[in-house]
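Enquirer: Next come the chains, spelled out residue by residue.
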Amino acid sequence: MKRIRNILLELRPEFDFEESTDFIDDGFLDSFDMVSLVSSLEEEFGILIDALDIVPENFSSVEAIAVVVHKNGGEI
Amino acid sequence: MKTVFKRKKISGILGVLPQSEILFEDEVGNYTFPEKQTLRLKKVMGYEKHCVVKESTSSSDLCIAGLEYLLSKEMIVKGDIGAIVVISATPDYFMPNISNIIQGKMEFSNSVFCIDISQGCVGYLHGLASAFMLLEHLDNKKVLLFNVDTLSKKVSKQDRNSYPLIGDAATITIVENDHKAKDIHFCLYNDGGRRNALIIPAGGSRLPCSPETAIMSDLDNDGNLRSLDNLKMNGTDVFTFVQTEVPPLIEEILVYSGYNKEEIDWYLFHQPNKFMLKKLAEKIGIPYEKMPMNIVENYGNPSGASIPITTVHNLGDSLKDNKYNCCLSAFGSGLTWAAMTMELGEMDFCEMFVSNL
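Going down the list, the sequences are from chains S and G. Going letter by letter, the first sequence gives residues 1 to 76 in the numbering used here. Going letter by letter, the second sequence gives residues 1 to 357 in the numbering used here.
Worth double-checking, as some hints may not be accurate.
[Stated by the list, open to error] Partial list, computed: chain S residues near chain G (C-beta under 8 Å):
1) Ser-39
2) Asn-58
3) Ala-66
[Said to hold, decoys possible] Quick list of in silico lysine to any residue cross-link-like pairs, SDA-like style, CA-CA up to 20 Å:
4) G/Lys-105 / G/Ser-130
5) G/Lys-157 / S/Ser-39
6) G/Lys-278 / S/Leu-48
7) S/Lys-71 / G/Ser-130
8) G/Lys-43 / S/Lys-71
9) G/Lys-36 / S/Arg-5
10) G/Lys-36 / S/Thr-21
11) G/Lys-278 / S/Glu-44
12) G/Lys-182 / G/Lys-105
13) G/Lys-323 / G/Glu-297
14) G/Lys-153 / G/Thr-213
15) G/Lys-278 / S/Arg-5
16) G/Lys-283 / S/Glu-19
17) G/Lys-43 / S/Phe-45
18) G/Lys-283 / S/Leu-52
19) G/Lys-54 / G/Lys-36
20) S/Lys-71 / S/Asp-25
21) G/Lys-278 / S/Ile-47
22) G/Lys-153 / G/Ile-199
23) G/Lys-141 / G/Leu-188
24) G/Lys-283 / S/Pro-56
Derived by calculation from the structure, the hints in this document are not laboratory data. Quantities reported herein were computed from a predicted structural model and do not represent experimental measurements. The beta-carbon is built from N, C-alpha and C at its ideal position, and this holds for glycine as well.
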C-alpha cells in the first residue's frame with residue numbers, strides 16, 4: 001500500500017489522499033492522471049494492467065488500486 | 001457491414017503535411033493544469049509535436065497542394081481518374097463539396113464522379129470501401145481518394161484533453177482495379193447510441209454558431225476551457241469503447257479473412273495516442289513492433305488520414321518493392337469501428353510531402 005501511496009503523492013503532491021473517500025469524485029485524479037498512474041504502477045510493480053481494468057471506479061481509493069494491481073499480477 | 005472486395009488495389013499514397021510544427025512543451029502554459037502534471041503525459045501519451053495549418057489554410061488547400069505535387073512529378077495522369085472521393089469532418093463549406101472544389105480548380109473532366117463523405121477517424125476505411133464499390137462502375141479508370149482534416153480549427157487550444165493530440169494532414173490514395181489482387185476483407189460497425197462521446201455541438205443545423213456558442217468556459221468542470229463550437233471528447237468513454245470493441249473486431253476480421261495473427265506483417269491502426277495503442281496491442285495479443293504507434297509524437301493524430309500517414313511514415317519506400325499482409329483498423333466518432341485485411345505493396349509511390357500551408 002505504501003508504494004501506491006508514494007506514486008499518488010508523486011503524481012499529485014498538492015492533495016492529501018488520506019482525506020479523500022473517492023479520488024475521482026473528489027477531483028484528486030482526472031482521466032489523464034489515471035493514464036499516468038497506470039504507467040507508474042506498471043513500472044513500479046513490473047506488470048501490465050488490462051485495458052478493461054482502466055475505469056474510474058478502479059482508481060477511486062488506495063484499496064481499489066491495490067485490487068487492480070493484485071489482479072494483474074502485482075505483489076502488494 | 002461485412003464483405004469481401006475483389007480485384008482492387010492501392011497503387012500509391014501521398015501524405016500531405018502543413019509546414020508548421022508546434023512543440024507540446026511550448027503549449028503547456030495554455031492549459032489550466034499544473035505544468036508538471038501536464039508534462040508527465042509527454043512520455044505516456046506520446047505528446048511531442050504536432051502539425052497545424054495556418055489560419056488561412058482550408059482542407060481543400062492541403063488536397064490541392066498534394067495533387068499539384070503528384071501532377072508536377074507525373075506520378076498520376078489526370079485522364080486516368082474516374083472519381084474524386086473526399087472524406088473529411090472539416091469541409092471548406094457546407095456547400096460546395098471539397099471534391100467539387102478540387103475538380104474545378106484542377107480542371108478535371110466534368111464527367112468525373114465527385115463525392116464528399118463526412119466521417120471522422122474511420123474515414124480511411126470508409127473511403128477505401130467507397131472507392132472499391134465505385135471501381136465496379138469506372139471501367140479502367142482510377143479513384144482519387146482524399147482524406148483530409150484540419151481539426152486544429154475546431155479544437156480549443158485550452159483543451160488539454162484534445163488539443164495536444166490533434167494534427168492537421170491530408171492524404172491522397174490512388175485506388176484501382178487489379179485482376180491479380182488478393183481479396184480484401186472488411187468489417188464495419190456503428191453505434192449511434194454513443195454518438196455524444198465525440199461531438200462538435202455547434203455549427204450545424206441543430207445549433208448554428210452564434211456569439212453564445214463561442215463563449216469559452218469549463219463546460220464539464222474538468223479544467224478544460226472550450227466552447228460549443230469546439231470538439232468535445234469524453235476520453236474515458238472513448239478509451240473504454242476502443243478497448244471493448246476493437247479486440248473482438250480484429251479477431252473477427254482475421255477469422256473472416258483466414259489469416260492468423262502471425263501472418264499479418266503490419267497492424268496499421270488509427271493513431272489516437274500511444275497509451276491507447278499499447279493497451280490495444282496487449283489486449284489483442286500482438287507485438288508492439290507490428291503496430292506502429294509513433295504518429296501522435298511526430299505529427300499529431302490526423303483523424304481520417306491517420307492510417308495512410310502511418311503507412312507512409314513507417315513503410316514508405318519499402319512499399320514500392322515489397323508486399324505485406326496488413327490489417328487496417330480505425331475507430332472514432334459515430335461511434336464507428338472498422339477493420340480491413342489487405343495486401344499492400346508494389347506501389348508506384350508511398351511518400352510524404354510537406355507543403356507551405
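Enquirer: Look at each hint and say if it fits the structure.
Expert: Hints, verified against the model:
This hint holds: S/Ser-39 has a C-beta 5 Å from the nearest C-beta of chain G, less than the 8 Å allowed. With a least beta-carbon distance of about 12 Å to chain G, the hint placing S/Asn-58 at the interface is violated under the 8 Å criterion. Contact between S/Ala-66 and chain G, as hinted, is not supported at the beta carbon level, the nearest pair being about 21 Å apart and thus beyond 8 Å. Pair hint G/Lys-105 plus G/Ser-130 does not hold up; C-alpha atoms about 23 Å apart against a cutoff of 20 Å.
Of the supplied pair hints, the one linking G/Lys-157 and S/Ser-39 is violated, its CA atoms being roughly 26 Å apart against a limit of 20 Å. Our distance criterion of 20 Å between C-alpha atoms is met by G/Lys-278 and S/Leu-48, whose separation comes to about 10 Å. Note on S/Lys-71 and G/Ser-130: the hinted pairing is violated, with a Cα-Cα distance of about 44 Å set against a maximum of 20 Å. A hinted pair counts as satisfied when its Cα atoms are at most 20 Å apart, and G/Lys-43 with S/Lys-71 does not qualify at roughly 25 Å.
The straight-line distance between the Cα atoms of G/Lys-36 and S/Arg-5 is roughly 18 Å, inside the 20 Å bound, and the hint therefore holds. Using a Cα cut-off of 20 Å, the hinted pair G/Lys-36 and S/Thr-21 is violated, with the two alpha carbons roughly 25 Å apart. Restraint check: the Cα-Cα separation between G/Lys-278 and S/Glu-44 comes to about 18 Å, which is no more than 20 Å; the hinted pair holds. Between G/Lys-182 and G/Lys-105 the alpha-carbon distance is near 36 Å, which puts this suggested pair outside the 20 Å criterion.
A threshold of 20 Å between alpha carbons decides the hint, and for G/Lys-323 with G/Glu-297 the separation of about 27 Å lies outside it, so the pair is violated. Between G/Lys-153 and G/Thr-213 the CA atoms are separated by roughly 15 Å; this keeps the pair inside 20 Å, and the hint holds. Taken as a hint, the G/Lys-278 and S/Arg-5 pair is broken in the structure, with Cα atoms around 25 Å apart against an allowance of 20 Å. Distance check on the hinted pair: G/Lys-283 and S/Glu-19 sit about 35 Å apart at the alpha-carbon level, beyond 20 Å; violated.
Restraint check for G/Lys-43 and S/Phe-45: the C-alpha separation of about 18 Å stays at or below 20 Å, so the hint holds. Proposed proximity of G/Lys-283 and S/Leu-52 is supported: the alpha carbons are some 9 Å apart, at most 20 Å. Between G/Lys-54 and G/Lys-36 the alpha-carbon distance is near 29 Å, which puts this suggested pair outside the 20 Å criterion. Only pairs whose Cα atoms come within 20 Å are accepted, and S/Lys-71 paired with S/Asp-25 is rejected, the gap being roughly 23 Å.
About 14 Å separates the Cα atoms of G/Lys-278 and S/Ile-47, which keeps this hinted pair within 20 Å; it holds. Only pairs whose Cα atoms come within 20 Å are accepted, and G/Lys-153 paired with G/Ile-199 is accepted, the gap being roughly 14 Å. The straight-line distance between the Cα atoms of G/Lys-141 and G/Leu-188 is roughly 26 Å, outside the 20 Å bound, and the hint therefore fails. As the CA atoms of G/Lys-283 and S/Pro-56 are separated by approximately 19 Å, the hinted pair is consistent with the 20 Å bound.
Consistency with the previously given hints fails for numbers 2, 3, 4, 5, 7, 8, 10, 12, 13, 15, 16, 19, 20 and 23, ordered from lowest to highest.
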